[in-house]
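Participant: Now for the letters of each chain:
2 protein chains.
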Amino acid sequence: MTDATTDPLVVFTPSGKRGRVARGTPVLAAARKLGVDLDSVCGGRGICSKCQVAPAYGDFAKHGVHAGADALSEWNAVEERYDRIRGLPKGRRLGCQAQIQGDIVIDVPPESQVHKQVVRKAATMRDIAMNPATRLVLVEVEEPDMHVPSGDFERLARALKEQWQVEGVTADLSLLARLQPVLRKGSWQVTVALYHDHTGASPRIVEIWPGLQEGPLYGLAIDLGSTTIAAHLTDLATGAVTASAGAMNPQIRFGEDLMSRVSYAMMNPGGDAEMTAAVREAIGQLAGKLAAEAGIEAERIVETVFVCNPVMHHLLLGFDPVELGQAPFALVTSNAITLAASDLGLRGLNPRARIYVLPCIAGHVGADAAAVALSEQPGRSQDLVLVVDVGTNAEILLGDTSRVLACSSPTGPAFEGAQISSGQRAAPGAIERIEIDPATKEPRFRVIGVDLWSDEDGFTEAAGKTGITGICGSGIIEAVAEMRMAGLLDGSGLIGSAAQTGTPRCIPDGRTQAYVIWDGTEAGGPLISVTQGDIRAIQLAKSALYAGARLLMDERNVDKVDRVVLAGAFGAHISPKHAMVLGMIPDVPLDKVTSAGNAAGTGARIALCNIDARAEIEATVRQITKVETAIEPKFQDHFVAANAIPHKTDPFPELSKIVSLPDVSFNTHGSGEDGSGRRRRRRS
Amino acid sequence: MTDATTDPLVVFTPSGKRGRVARGTPVLAAARKLGVDLDSVCGGRGICSKCQVAPAYGDFAKHGVHAGADALSEWNAVEERYDRIRGLPKGRRLGCQAQIQGDIVIDVPPESQVHKQVVRKAATMRDIAMNPATRLVLVEVEEPDMHVPSGDFERLARALKEQWQVEGVTADLSLLARLQPVLRKGSWQVTVALYHDHTGASPRIVEIWPGLQEGPLYGLAIDLGSTTIAAHLTDLATGAVTASAGAMNPQIRFGEDLMSRVSYAMMNPGGDAEMTAAVREAIGQLAGKLAAEAGIEAERIVETVFVCNPVMHHLLLGFDPVELGQAPFALVTSNAITLAASDLGLRGLNPRARIYVLPCIAGHVGADAAAVALSEQPGRSQDLVLVVDVGTNAEILLGDTSRVLACSSPTGPAFEGAQISSGQRAAPGAIERIEIDPATKEPRFRVIGVDLWSDEDGFTEAAGKTGITGICGSGIIEAVAEMRMAGLLDGSGLIGSAAQTGTPRCIPDGRTQAYVIWDGTEAGGPLISVTQGDIRAIQLAKSALYAGARLLMDERNVDKVDRVVLAGAFGAHISPKHAMVLGMIPDVPLDKVTSAGNAAGTGARIALCNIDARAEIEATVRQITKVETAIEPKFQDHFVAANAIPHKTDPFPELSKIVSLPDVSFNTHGSGEDGSGRRRRRRS
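Residue numbers (this note's numbering), protein chains in the order written: chain Y, 3 to 686; chain G, 3 to 686.
Looking at chain Y on its own, in the form it has when it is part of the complex:
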């Protein structure tokens, strides 16, 4: 029972925070006093409705509370008006209006919490705790008084201090130039997008609107890869991804891999500036596309987080990457960087949007690896985990709670379907899964955009819409592994001839053989095959990847790891079995191989949504041990030894439990190649 002689007891759920407050205290004020996470944009003026709560009446033995029907004040005029105009869900009250009159239990629904826990809809289900740098606040600014002259900005700053306890705000010239008309249009009531990060820098006004603006603020999480750029438009209040889009990195025309782009910058004066302009333009277009897709104004995109490898990092920021092409691979700066969209000349978003670029770990291990570390947290793993982020460059992390090692390995773009004869991006029409019957040597496959396998009824009709256009990264990995398992490929990686394999799908291709997966030429489509050159490209890529992992294992003095996490834009699509047949990853039980999806992109989203995560990764990066593959002789040894499928350096007992690899050898025939994958000198 409420005892009139003591202050009422209030219990907030789900936090369980509780305490006594003076009778008549508004729920919002009680929440603030008790440290309960209850949102408010308008600062308690009864107009934003962010502070909605659900009071519960009755007996709550667990909390020791009996809440009578009169434990909260009656609906007041503000709530009635709000309900009339905008509607207040049944059972809800406005926390800034309802006053506590007696003991009560008050539930704060998820949407009223500032630091929401949200479940991502993306590939990897994961909770991201929200603590974004930018939030909306409504302020009432004092009108100018010519007898006590002061600038409009100084009065706005004072209002932010008095109404939101935000001290010492700053603003760019371009924001100051907007200030006066907006203040007057809003009759001295404005909504401010306020940026305040983890660095101790002054809070900053990024945007200002007249009156109350409830609409969400957005941020972009951008994974800037050598080959592709992926961007996620993210609601900064909820963490939800509103829209995602990808684009090819236009720098490809200056060089397919990182080192050829560094070479381009070295050989062509102004070449770095050309590549910088190209990628900034592409990012601007991507931002514009996402804003259009989500139907929002560009000015609402007020933050962007970038993760990228060191060469992309330098080319994004306008630094000549030439030093990254030669030992000692010195970065211009390795620290995290915060700046404005306008500093990069980025279009398609608010020019004052704050940009956060994650720190680089080393000259070859970039902000993308840092993002993977943030997402996958190897430093918090009890068992020894190998995290492999597969892209044009592979970022590899090995560690547990005792120590984390990192390196980068130049796999090249083969895993992304580039430099493959029938290769293409993962897009509708691309073969993404493939199985080859070991007896008949016949393939069946699936293409992106079609739910049926190629040998199922209705496939031809369904595939007619997308076409069958090529093989994407995950498809080529499965194709090579399946070819090995079906005896079409020997341990050295050589494709057998029709005579050797007994299938007419093996056809001559110059001096070597190719395996035909799909012949669409009769209908005017492509002939999709896996050539010897494709096998070699995949072998080089997987050897580089494996050698990097081995190097880290050497550093840790271990021969095996407890588990493997496959990350990367297409990490989610690689079948662990096929990766192991290929020898991409060390031998572990199949159930110890998991996919983390786009871990770098997830790391970018985490950093976008939570400034504590930014502080965390900046500290983590300083503790990671960096291993430089480029100058390590053992890397070369591992690389050469890893060429076979599967290779001979390591026993693969776990692999042999799930597949048996035919002991074929095609290297005695006149293929022009020997088993090492090197072209033999022709005897004349």
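Since the hints were derived computationally from the structure, they do not count as laboratory data. Be careful, since some hints might not be right.
Treat identical chains as interchangeable: a pair holds within one or across any two.
[What the hints assert, rightly or not] Pairs of lysine to any residue residues, derived as SDA-like cross-links and limited to a Cα-Cα distance of at most 20 Å, are as follows:
no.	residue 1	residue 2
1	Lys163	Asn337
2	Lys594	Arg382
3	Lys187	Pro330
4	Lys187	Gly327
5	Lys187	Pro271
6	Lys35	Gln103
Go by the hints and put chain G onto chain Y.
Facilitator: Frame of chain Y; chain G shown alone:
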């Protein structure tokens, strides 16, 4: 005598600082320990020679020191090498090399002091204590190590911390983009222009050069007026003005005075941006011109300080000035502003040059008034001082140690020779001084660029070179005052006819009269006269000026001031007597009227040379009482009452001690005007 059992005693002059240091301590280290101001750019490496000292040997009873010839270590190899290559003045030692071996007196010559006291060469002689925001430091940066990867910038920052105790430096992207080649070109030794101001913001690297750079850094002190822009290229180490230049404000084509420019912005969408672009372009040209004149590279100009009125302030920064055109005259921001040259798109100087714009006092009382307060320090005056900065707008300060008041008064450009029939800028050929014989009514005058008066032998020949082209601001003031003293003008400001004045130099000019000073028409030159319209323009200007001063006196409840300081670009040229005859300033003894030259420009230079002065003026501005003339009814009363020459509101006893004004009146004749200066309605 030196006692070997105790540490040697060292006394530094001129500071008188003294203390004991361990035998073998370098002089530079001793200076730092004792807080003696001894410069060093190279940080004690014996290469910059900034730490030169002059040791003195013998008996110094005053200091209680006997210095033997062995009180300092012998010349070492570094000093010998420096002397051989660059020459060390006789008696000088390098403070970083010479070690203290016994009691000694060491003089720090002025050029070795960081905080030099320098005497300006400009109009007003004044000491400016040097404490600039930007200085040169030499650092040795650790080379990159791929096994302990870190960014070049992080190693530079660490070197600055270890070698110069400068923590947490920042740098723009554009500086970071320059970093790697410069570090390598300098073999990991670089000179950095380091900016560290009074605001508590992080120190910032503005420029970087390979190796040791001794050349001076420069700053621009810019007085951005409505009509003219004056810039002084200043050596940031010595405070010396290396070059000065002026230009017309190109905004004049959008409107001669402030309010017409505000109107232009109101009436023409984008008009404010047009004016902003025009003035930034002119400033860039001025900077380029000064750099060319001084023979320096633009990148060496690393700072700029602006003083200007509020409308110029807004148009410089890119703010629409429309709110300054109407009550309550709200500024966008009144605080001092610090930004980069590139933020304003200023050319002709280092794009990373830091810009400091002094704070504004109120919507009508700008950063120029703040600069005058900084230069003239009315708040430190024991007697009540009136400071008048005469330009297109007059800034007026009245105060003493108890309280300072400020206002601005719209005098218009008449005092600058604009809107005057024969008016022109102060340039060769302009009449700047004039005397009229009360008996003959004949004028004699001097023109700028000629040392002779017009009635002296050789004048005609000398003036042939410059021509006699018009009357400048100070000339028109003297002309009107002399006309009044010679009885050519009555108390209401009406010019008498030839018949009334007895001189054929009074000629009809439409319905009114004009007084001919110089008729050059026979030689194809101009007819230079003072018309009734000119008299009216000067009357309006001086009434506005006087009314502003009176308003401040009312606020202070006083009828007189103790002294008057005339400031402004042409303040130095106004004769106090003529100013008083005109009634521009309140009546004070003639010897109590002094000239401060270009006080706003001086304030800009002080702020440029000394960050403590910036802190001081920011504090001072908050304490100044602002008086708004535009809405004060008493201002109108004072304005109307001050129209006569001299006017009737106040007695002018001090004036009558030095001149007697003829008691003439021309207002009964058909001049079309009455004595009030208003055109009478024609009776028909």
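Participant: Determine for every hint whether it applies to the structure shown.
Facilitator: Consistency of the hints with the structure:
no.	hint	in the structure
1	Lys163 <-> Asn337	between (31 Å within a copy, 17 Å between copies)
2	Lys594 <-> Arg382	within (17 Å within a copy, 79 Å between copies)
3	Lys187 <-> Pro330	between (57 Å within a copy, 16 Å between copies)
4	Lys187 <-> Gly327	between (54 Å within a copy, 18 Å between copies)
5	Lys187 <-> Pro271	between (50 Å within a copy, 18 Å between copies)
6	Lys35 <-> Gln103	within (16 Å within a copy, 67 Å between copies)
The structure meets every hint from the earlier list without exception.
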